[in-house]
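Novice: Listed here are the chains, written in short residue letters.
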Amino acid sequence: EAQVTQNPRYLITVTGKKLTVTCSQNMNHEYMSWYRQDPGLGLRQIYYSMNVEVTDKGDVPEGYKVSRKEKRNFPLILESPSPNQTSLYFCASSKGNLNTEAFFGQGTRLTVV
Amino acid sequence: AQSVTQPDIHITVSEGASLELRCNYSYGATPYLFWYVQSPGQGLQLLLKYFSGDTLVQGIKGFEAEFKRSQSSFNLRKPSVHWSDAAEYFCAVGVIRDDKIIFGKGTRLHILP
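Here the protein sequences line up with chains A and B, keeping their order. Letter by letter, the first sequence follows residues -11 to 101 of my numbering. Letter by letter, the second sequence follows residues 112 to 224 of my numbering.
These aren't lab readings, by the way, just hints derived from the structure by calculation. Some hints here could point you the wrong way.
[Said to hold, decoys possible] With a cut-off of at most 27 Å between alpha-carbon atoms, the simulated DSSO-like pairs for lysine-lysine come out as follows:
1. A/Lys6 with B/Lys179
2. A/Lys53 with B/Lys216
3. A/Lys5 with A/Lys53
[As the list claims (entries may be wrong)] What follows is a list of derived Cβ distance ranges for each label pair:
4. B/Gly173 with A/Glu67: 43 to 51 Å
5. A/Thr10 with B/Gln156: 16 to 24 Å
6. B/Trp194 with A/Gln94: 18 to 26 Å
7. B/Pro190 with A/Ser70: 42 to 50 Å
8. A/Ile0 with B/Gln153: 18 to 26 Å
9. A/Thr74 with B/Arg180: 33 to 41 Å
10. A/Thr1 with B/Pro151: 23 to 31 Å
11. A/Asn16 with B/Gly152: 38 to 46 Å
12. B/Pro224 with A/Lys53: 27 to 35 Å
13. A/Thr74 with B/Trp194: 25 to 33 Å
Glycine included, C-beta positions come from ideal geometry on N, C-alpha and C.
Let the sequences and hints guide you as you build the complete structure.
Specialist: Structure, rendered in structure tokens:
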């Protein structure tokens, strides 16, 4: 089954404690991205990757890092989480960039206290 | 700057009634346009997309949308809603120059029995 898998689904952490949210897709997609979803703000892109070793900033990249060492994986790293990073995070992948369907993971709800 | 506006934050309709969700975009060229649906606790799923050609596009779950260039709109419609259509709906535009997708803030659809 074609899918995008994020882990964990829920995470509560403390300020400053480094964390990684994993994202893996099994569709051999080139394009992957991370979004955060906040009430009243919709989805905002954090980072995206057009292929292995190619990543770029989205609209709200501050406080986040990503890597794309393998085509299937695109982890999101919070080196020093802060409470304003409490949010619902989605990973998405697509075959191309704009003109193809994006497949979304089920989301990771992160709370930073 | 490119933008997507969904004027209605919440919409409530009775089961069996018709539905129209509004979406307006701001973009200098013919955009790629999408509608996604997010069911509670789930990621986003593509309902339909428009790239070119026939301005009335059919999607999954009985939805359709019409691209109107003169009004910069891409409204989503369904002739008769079902209780399972209760969800949040996102309109999105693909920005070719910046190689990214911009999402609207979403419209939450409530269905009355």
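Novice: Check the structure against each numbered hint from earlier and tell me which ones fail, lowest number first.
Specialist: 1, 11 and 12
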